[in-house]
Each structure stands twice: as C-alpha cells, then as structure tokens.
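J.: Residue numbers (full-length UniProt numbering), protein chains in the order written: chain X, 1 to 168; chain D, 1 to 915.
These are calculated hints, taken from the structure and not from any lab test.
Check each hint, because a few of them may be wrong.
Said to hold, decoys possible - Every beta carbon over 12 Å from chain X, so not counted as near; a handful from chain D, in silico:
hint, residue
1, Leu-42
2, Leu-128
3, Lys-142
4, Ala-277
5, Val-715
6, Glu-723
7, Ala-751
8, Glu-818
Claimed, not checked - One side only, chain D facing chain X, incomplete, derived with CB under 10 Å:
hint, residue
9, Glu-79
10, Val-110
11, Lys-141
12, Cys-146
13, Ser-184
14, Val-822
Beta carbons: idealized from backbone N, C-alpha and C, even for Gly.
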Amino acid sequence: MIKAVLIFNQLGKPRLVKFYEPISTPAQQEILREIHSLVAKRADTLCNFLEGTRSIGGTDTRIVYRHYATLYFVFVADRSESELGVLDLIQLFVESLDKVFENVCELDLIFHFDEVHYILAEVVSAGMVIETSLSEIGRAIDEAKRQAKPESDHARMGLSSLRRGFVQ
Amino acid sequence: MAPMKGLTVFIADVRKCKSQWQPSLNGYNRKKYVCKLIYMSLLGYDVHFGHKEAVELVNSPKYSEKQIGYLAVSLLLTESSGFMRSVVTALRRDLYDTNECNACLALSAVTNVATREIAETLTEDIVLQLLSSSASMFVKKKAALCLLRLLRRFPEAVKARQWAARVVPYIGHRDIGVTLAVTSLVTALVQQHPDETRKAAALAVRRLNSLLADNEHTVDYVYYRVPAPWLQVKLLRLLQYFPAPESAELRGMLTSTLRRIIDQSQDAASDLQQMNAQYAVLFEAISLGIHLDADQALLQQSAALLGRFITSRETNVRYLGLETMAHLAAYIDDVSAIKRYQGVIIQSLRDRDTSVRRRALDLLYSMCDVDSARAIVGELLRHMAVADVALREEMALKVAILTEKFATEYAWYVDVMMRLVSLAGDHMGDEVWHRIVQVVLGNEELQLYACKIALQTLRAPVCHESAFKVSAYVLGEFGHLIANAPDCAPIDQLKALQAKMGPTSPAARAVALTAIAKFTNLFPEIKTLCLRVLDRFRAALDVELQQRACEYYALATVESEDLLPIVFEEMPPFPERQSALMSRLLSKGADTEDQRTWVLGTRDPNRERSGAQQQQQLPQSPPPGGEAGVPRAADPAAGAGKASSEAKGEAAGAAGAVMPEEQAQAARGRKHYARLLWENDGILHDGDEIQVGVVAQYKPPAGRVGVFLGNKAAVAICDVTIEARSGEGSLEIRLAENQAPPTSLVPLAQARIFFDVTCKDVFATAPTLHITYSLAGEPTELELQLPVTAAHFMDPVTIAVGDFFARWKQLGDAGIGEAQEVFRTPFLATDGGAGPWLRSVVGGMGFALIHGADPVPDNIVAVGIASTATGGRFGCLMRVEPKQSHGLTRVTVRATNSGLAAAVAANLSMIFASR
Chain X
1 MIKAVLIFNQ
11 LGKPRLVKFY
21 EPISTPAQQE
31 ILREIHSLVA
41 KRADTLCNFL
51 EGTRSIGGTD
61 TRIVYRHYAT
71 LYFVFVADRS
81 ESELGVLDLI
91 QLFVESLDKV
101 FENVCELDLI
111 FHFDEVHYIL
121 AEVVSAGMVI
131 ETSLSEIGRA
141 IDEAKRQAKP
151 ESDHARMGLS
161 SLRRGFVQ
Chain D
1 MAPMKGLTVF
11 IADVRKCKSQ
21 WQPSLNGYNR
31 KKYVCKLIYM
41 SLLGYDVHFG
51 HKEAVELVNS
61 PKYSEKQIGY
71 LAVSLLLTES
81 SGFMRSVVTA
91 LRRDLYDTNE
101 CNACLALSAV
111 TNVATREIAE
121 TLTEDIVLQL
131 LSSSASMFVK
141 KKAALCLLRL
151 LRRFPEAVKA
161 RQWAARVVPY
171 IGHRDIGVTL
181 AVTSLVTALV
191 QQHPDETRKA
201 AALAVRRLNS
211 LLADNEHTVD
221 YVYYRVPAPW
231 LQVKLLRLLQ
241 YFPAPESAEL
251 RGMLTSTLRR
261 IIDQSQDAAS
271 DLQQMNAQYA
281 VLFEAISLGI
291 HLDADQALLQ
301 QSAALLGRFI
311 TSRETNVRYL
321 GLETMAHLAA
331 YIDDVSAIKR
341 YQGVIIQSLR
351 DRDTSVRRRA
361 LDLLYSMCDV
371 DSARAIVGEL
381 LRHMAVADVA
391 LREEMALKVA
401 ILTEKFATEY
411 AWYVDVMMRL
421 VSLAGDHMGD
431 EVWHRIVQVV
441 LGNEELQLYA
451 CKIALQTLRA
461 PVCHESAFKV
471 SAYVLGEFGH
481 LIANAPDCAP
491 IDQLKALQAK
501 MGPTSPAARA
511 VALTAIAKFT
521 NLFPEIKTLC
531 LRVLDRFRAA
541 LDVELQQRAC
551 EYYALATVES
561 EDLLPIVFEE
571 MPPFPERQSA
581 LMSRLLSKGA
591 DTEDQRTWVL
601 GTRDPNRERS
611 GAQQQQQLPQ
621 SPPPGGEAGV
631 PRAADPAAGA
641 GKASSEAKGE
651 AAGAAGAVMP
661 EEQAQAARGR
671 KHYARLLWEN
681 DGILHDGDEI
691 QVGVVAQYKP
701 PAGRVGVFLG
711 NKAAVAICDV
721 TIEARSGEGS
731 LEIRLAENQA
741 PPTSLVPLAQ
751 ARIFFDVTCK
761 DVFATAPTLH
771 ITYSLAGEPT
781 ELELQLPVTA
791 AHFMDPVTIA
801 VGDFFARWKQ
811 LGDAGIGEAQ
821 EVFRTPFLAT
831 DGGAGPWLRS
841 VVGGMGFALI
851 HGADPVPDNI
861 VAVGIASTAT
871 GGRFGCLMRV
881 EPKQSHGLTR
891 VTVRATNSGL
901 AAAVAANLSM
911 IFASR
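Here chain X stands alone, though its shape is the one from the complex:
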C-alpha cells in the first residue's frame, strides 16, 4: 500500500503531507525532512526510486518521487505496490492537478491546499489507488465544487432528491 504522499519544494517546505497510517506530527515532519535530504541531492538523470531508511520503514519501503519544476512529489509505498505503477500514479496525480488548476504551480497548492487534498482523495484512498481515469477524477471534483457553491442549493436537489422522490 501507499503509506504516505508528500509534496514539498526544493527547500523542503511542505505543500502537502498525507499519511495513510496514524503517525504523530513531529514524526511526520522528521520523515519529510529525511526524505527531502535524500531526494534533493539526487540528479534528475538518476532513477526515481529510493530504498527507505530505518526511520522510513526500512528496506522494504520504496520512496518513489518525481521532480516537477520547483516541487518534489513523493509517494512512500511498501513492497506490495509496483514501483512503476506508483511512478505513473504521480504523473496522473499531477495531471489531475493540472487539469483542475489549469497550469498548476506551487502557489496553487498553497492557496488551495484543501482542494489538493480532495483531488488526492479521488486518486488515492486508504493507501490504495482508487481511480485512474482523468475524466472521472475531474467529474468527481466538479461535482463536489458544484455542491459547495452556496447558490446551488436548488441544484443540489437535482438527481439525488429526484431519486428520493421516487422512493417516497
């Protein structure tokens, strides 16, 4: 399973921290710092996989990362995940971010950190990949946005209330 998803910039500032196992905040930060120190010094031509150190789950843990512009996207997974699969998943996650934010940049992640969480929840849930179709992910996010709009209270009565009407 995927144990954690982290996004941080080149200086190691966290932009998204999501752990799929309960772990204390200081420990999370410790892991973030350690991964940053491991990843930041690696050249882009090297491979995208690293073995976990003792504090990050030992040798059975794989750190899979990708470097985009100023940001590092890091997925920490155990041996039951395919490395390349996780690597593709990062690409998919970034593509969905790009689709939602239209040319995503670091600032988008700062100002809409909540939305980043929602998007991630559509891609990975309980440490498992849940959806891999860009359009499905987009649809889920759009639906949630529509729900969140205060004036769309009537719209919310749409399909689901229709169904309720039938039931009653």
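Dock chain D against chain X, hints included.
T.: Just chain D now, kept in the frame of chain X:
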C-alpha cells in the same frame, strides 16, 4: 500591506482567544479558522486545539463546511480523541444521506479515521453500499477501499468471513474504477480468508483477458496508449497469491495473456510515460510468470528481456530490471541464463545511482552459486573499498554468507573472511567476526591454517580491530598447533599479539587478555612473560579489563596443577544453529504486511515460504508439482564440515547437561504463568521455536482470552493445531466466533486466536492449552496451563473504610472460606519496601484497595467480588500484612465460598514463589 491584514487579524484573534471561549462563530468564520489550523499542521505544528470547531463543521448542513470539517477531522484528530464519538454519529448520518456527495465524504473520512467503534458498527452498512444496486460507481469504489482500511486496522471486528464471498464477484464489474478498488480489497481478503475468496483467481484471469484481448474498457482508462495499467498490475499481483489455475482453459488463458504482455513490450515505446506504464505491467507479468513457475520457455524469454533491460539507458528500467532479475534468480533452478550477464551486473555495481548499485548487489547475491562464488565474492571484495558507506554493511554481510555457503576450500574461506574483516571491519556488526570464530571452532581441518593466517594478520603493518579480535581468539585457542613452525614459537605469538594490542579498544584488549591467559596454560615456557602482561593490566583504568586481568592472574598463580588446564580448556565447538548473519539479513525484511514478498537470494527460504503459504491458503489440495514438499536437498549452506562438528556437538552435549536446562525452562514457565495471574497480558511460554503470549479481558462471569502464537524459528511451522481444554465443567472455554486458527506460520510471523471463557461456578483447575505443530517435519506437542482461575473473574468493590473490619469479622465468624499463608519474601528497603509491589499485585488481581481501613499503615486490605454464571456472586476480602523486619508476609483471604478463597491463596503463593 493589504494581503497581510488577514494574518494580523488572525493573530490578534488567536491572542484574544487564549483565555476565553468564543461561542459566537458563524459558519464562514469557523470554516476559515479551521482551514488555518489545517495549514498550520501542514507546516509541522502540532495543533491540539480547535478540534471542537472541526466537529461542529462536520455537523453543518452545508457541503462546503462539511467538506472542510471532514478534512480537518482526518488530518488533526487521532483515533483516541474524545471527539470521535460525535464524529461517528455524524458519519452514520452522512453515510445514509440521500445526497451521494455526502455519503462519499463520510466514506473517505472513514478511510482516514477508522476506529474500532466504526469498524464494529458501520461495517455492515458499508458492505451494503458496495453491494447495493442503486449506489453509484463513486460510492461503490469508495466503499470498497473503506472496507479495506477497516479490514487492515481491525481484522477481527469487521467479520470479513460473512461478506468476503459476496464482494469477490465485483472483480468482474464493468466499471474499471470499481474493479480496481475491489481488487485491492480482495487482495487483502485473500490473505486472511483464502476459502471464501477462492473464486477470485478465475475472475481475475477472465477480467485480465477481457481487458487485453477483447479491449473491454472505455477510452478514459487508456493511459498513454496502455489500457488501464494499474488494473492490469493489480490483477497480476492478485494472481500471485494463488497457485496456477487448475482448469486447462484458465491456465491457457493466463499463459496467453502473459505472453501477450511480454510480446507487446518487445517493440520499443515511443515516449517515456508509455514506456513506464508498459513496463510496470511487464515486470508484474514476469513476477507472476516466476510465481507460476510453469512455462520454462516463458521464463527464458523473460530472462533474455531482462538482460536487455539491465543495459538500458533509462535508469528506472535498469533498476527494475535488476530487481526483477534478482527475483528470477532467487526462484529458478538454472541460473545459467542469468549468468550470461554477470559482467554487466558487476558493472552495475559501479552505476552512478546508488539505488541501482543496491539492486545489483542483491542480484549478485541471489545468482551466486558454487561455480560463480569465487568470481562474485572477489569482485565484491574489490568493490568494497570504493562502495558507499551505507552499502558496505550489507555488502560485508552478504560476502560473509556467500563465502560460508559456497566455500569448497578451507584456505579460501579463511583468506576471504580475514580480508573482509580487514576491509570492512568498521561497517559491520560483531556478528561477522563471531561467526568466523564459530566456524573455525567447529571445523578441525580449518584450525591450523586459521592460526597461520591469524599470526600473519597480526604481523601485517596495519591490522583492523575485528581482524585483531579474530586472530587473538584463534591463537588463544589453537596457538599450539603452529608452535613448532619456524617463526611461530609461543614467544613470537605473544609478541605479535602485544605489538598490536596498544592502540585497540578495550573490547579488543579484553579478547587479547583471554588469549594471553590461555597462553599461560598452553605454553608453560612463557608463563612468566604472560603473567607480566596480566599483572600490568591489573591496574587498567577500564573496569572490565582490570577485572579480567585480576581474575586471570589469580587463576594462573594458584598453587593447583589441575585448575588451569580445566578452566582454560579448549572451547568446545558451538552447537550448530542458524547463522546469526542469516537471521540478521532475514530480519530486515520481516516487518512487511504483504505475505507474497519473497526473500532475496537463497532459494530455500523462498521455497519454504511459498510452501507454507500454499498450505495456508489451500489446506486440502496437494501442493502443485510436489515442489514445496521436497525435503531440503544437501544444502551447502551448512558449511563445509558440518558433519564433523555435529558429531562433536553431540559428544559435548553430554546427557547430564539436559536436566538443568529442562528445570530452568520449567521455572521460567512458572514465572511467566505467575505473572499472568495478576497482569492481563504477557508471555506464557517462550521456547526456542515458538512463543506464546496471552492477552485477557474479563467481564465477569465472562472473559476473552487471546492467545498469540509467534514463530521464533527460522523456518515455517506447519500443521499447527491449537485447542483449549477446560479442567472441569464449571469453566467453559471455547473458540471465539469467526476464528480461523492458523495452520502454519512463516518465520517471525504471529497469529492470534481468541477464546471465550465463561465461569459457571467456582472452579479449581485451570484450563490447558494444547498446541501441536511440526517444524521441519518433526512434530512437537506443547501443553500449557492457561492463566484462567476462579480468582480472575473478580471485580473490585469499594466499601466504606469503617465497614471493612465489620465484614471481615462477620466472614471470620461464619467460617465459610478462609485461607491463610505466610510467605518468606525479603524486600529490600531500597525498592521502597514491599508496599508498592504488593499493592500492584493485589490491585492487579482485581481487588479494590481500601486505604486507611487497617490501623497498621503497611498492611493492605482489599475487597473484590467474583461473579459466576450459575453459582452466583461471591464476596472476597483480603488482608496482607508484610513484616519488613522479618522478611515475612502473612496473607489472609476470607470469602463467601471456600473454593474461591483457596483459589486466591493459591494464586498468591505462586506469585510470591516466582518473585
């Protein structure tokens, strides 16, 4: 300044808020502030406050507020939080909300904050969501992963046995998102409930086939021209938990699918993303091919393909190529297809990327055999000097294992090991040099040559500390073997030892002192010289050294002719046991949840693992090909000359030595048992192969006893049966519901079994636990007394201080049940006397301590009430009077049932006896 205004206001608000509680937050502000808290926690600050507001948001009818609320709950709250209860209420409501978006929110919240209560109360509802025909795909896939999370977290609370079989068919669902999520769930279910999920394999094969052969998928799921790569990977993984399908049709379908995947990747992909996706599937297909072990042609083709990959220019592909090849090498019998690439693999040890270097090392370790051992070990040693520091420890360990495993000549073994400790001594634990000593001691033929090399090592200009330790130890034991050779006279050995002793650490000097002390026995001609050295160290600053020197000096100067030869007799060979090196290497990979993962290198552990798994998964069907059942063939791992050491080991392990060991074992057992009489969890049995732990919870007159079975041996334990037998009818003990006792245990794995106990009436005999298992074909039976006594069904009762002695007297007069014992237990004043320990024992046994009731402050009086299902409830009073000065403690128990008083007193006497 404008953008900072919000921040200033926020800080001012927070400052104002410090002491007063502001009840008047509107929804918008509440949302805003909770958002800020989430951001603060993202930056790494522990946010302990404002949780209440998050819970308020969850209860809001507005979607936007609810959404933030659930986000905050999943990021800020822990499972033990006091607000969890109200969150659960909200969850239950939202789960049934007709608005599916709310249901989705609730489901994803459950994946984040799974608590036992949620698992127990909501699992059924979530299963219904997954199976319901009206729920949308969004809800279904979320529900599937929700169940997965609950199953992982609380396997016994979700009662998966009841719904596992109903979930499995969803692997064939037409929606790929749902299939993907369900496949993840089923992969976890397969490992816990193999019987219920047996159909999954056939479904997975068909789904895979329809995906690839019939192109049954929508355009949305094509990722860079590869159809649903994640689903393919997941299904291929799932199949690795099953043996090869029995039906010919399915087997053919699977083989053709694998072949299709391998063929498709022959033509190079046009861009990087496509290549990634394609290879992700390919590597998984190869792994499955290895697992099924059916088609040799397929494997040979895979090996050729992997050979191409490890020379790829793409680093990721090189990395995965090496990793998969290591997997292949660990399984196939004929590694010649891989050996062709030995040169390339050795080159990869010098790759720019440390991740690749690591994989290359793993692969070399896996593919090594008797023929290639010399070349590979030589190459690794040569590389050791320039390897990264982080890699050296593992490298040293692996070199040591390979050398021992594939040594055909003694000289080669000693040479390599001495070079190894000299080269990498700083980077490895003591295990390596300990192991060398063990091997040398166990092999007579090795000793002469080892002595020569040891002396040579000492004479070299630089001598590493570990090498020094080995040399000193070996010379101390066997120096006499070379004493007649030129330049190797006792005096020369002593001088060589002394010359290198100066700059070494105290630990190394301690070893050298022992060697010198042994010289006094071996070589009477240099005894005075040796004594002089020992004498000098009698004033050493280091306590350990000083003590050794003093004791050795005293021993050597005692006027007794027999003492010295007896004390300094040659060490007997070590009993043959698993190499510490192996267990160290294996322990590194032990803490993974995934049972499918394979062990690097050494084919035997893999065979055993897979054998154990297959037995676990399919108890009825014989292992395919009979491979798992094949006894271990002549194993070179046992090291050259194992036979000789075994013979000696038997001679050394004289029959007399067995008895005390058994007695000690029994004493330890009693100690464990006694501890569990007043503590609810602990170890019950701690053997060499198996460890049994107990966790008990009582709700008198019922209780639940969890038995934990841990495999401490290095190989799998099979044919496990476990049964609890009640000593008499008054106690009922049976397997709790939905329990599947394990049939086998892989090394370092643990299994738990719960028993429900009900106390019908006061009983005298504790139930017993019968465990049978076979280890390496040898059946063993274990019978343990379970720490469940009548006194365990005791609830504390508090009564008024004045009432105690009134009742005490009443009971005494009635004379129904009284037991009195005096225990001799010297308590040290430094431990704070007897008080704290006694109090914790009495409290731990389920009594309420009545403080201040007894006029003597040291005395302890306590009250408990024992409940039985049919016999009624019995009050029990206890008085403990420690007499510090005499080292005696008198305990009096009075109860309304004589059996109960006796049981409490018996427990106490066991506790005292084992203190």
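J.: Hint by hint, note whether the structure agrees.
T.: Quick rundown of the hints versus the structure:
| no. | hint | in the structure |
| --- | --- | --- |
| 1 | Leu-42 | 6 Å, violated |
| 2 | Leu-128 | 16 Å, holds |
| 3 | Lys-142 | 6 Å, violated |
| 4 | Ala-277 | 5 Å, violated |
| 5 | Val-715 | 20 Å, holds |
| 6 | Glu-723 | 34 Å, holds |
| 7 | Ala-751 | 20 Å, holds |
| 8 | Glu-818 | 51 Å, holds |
| 9 | Glu-79 | 6 Å, holds |
| 10 | Val-110 | 9 Å, holds |
| 11 | Lys-141 | 6 Å, holds |
| 12 | Cys-146 | 7 Å, holds |
| 13 | Ser-184 | 4 Å, holds |
| 14 | Val-822 | 50 Å, violated |
Hint compliance for this structure: hints 1, 3, 4, 14 are broken, all remaining hints hold.
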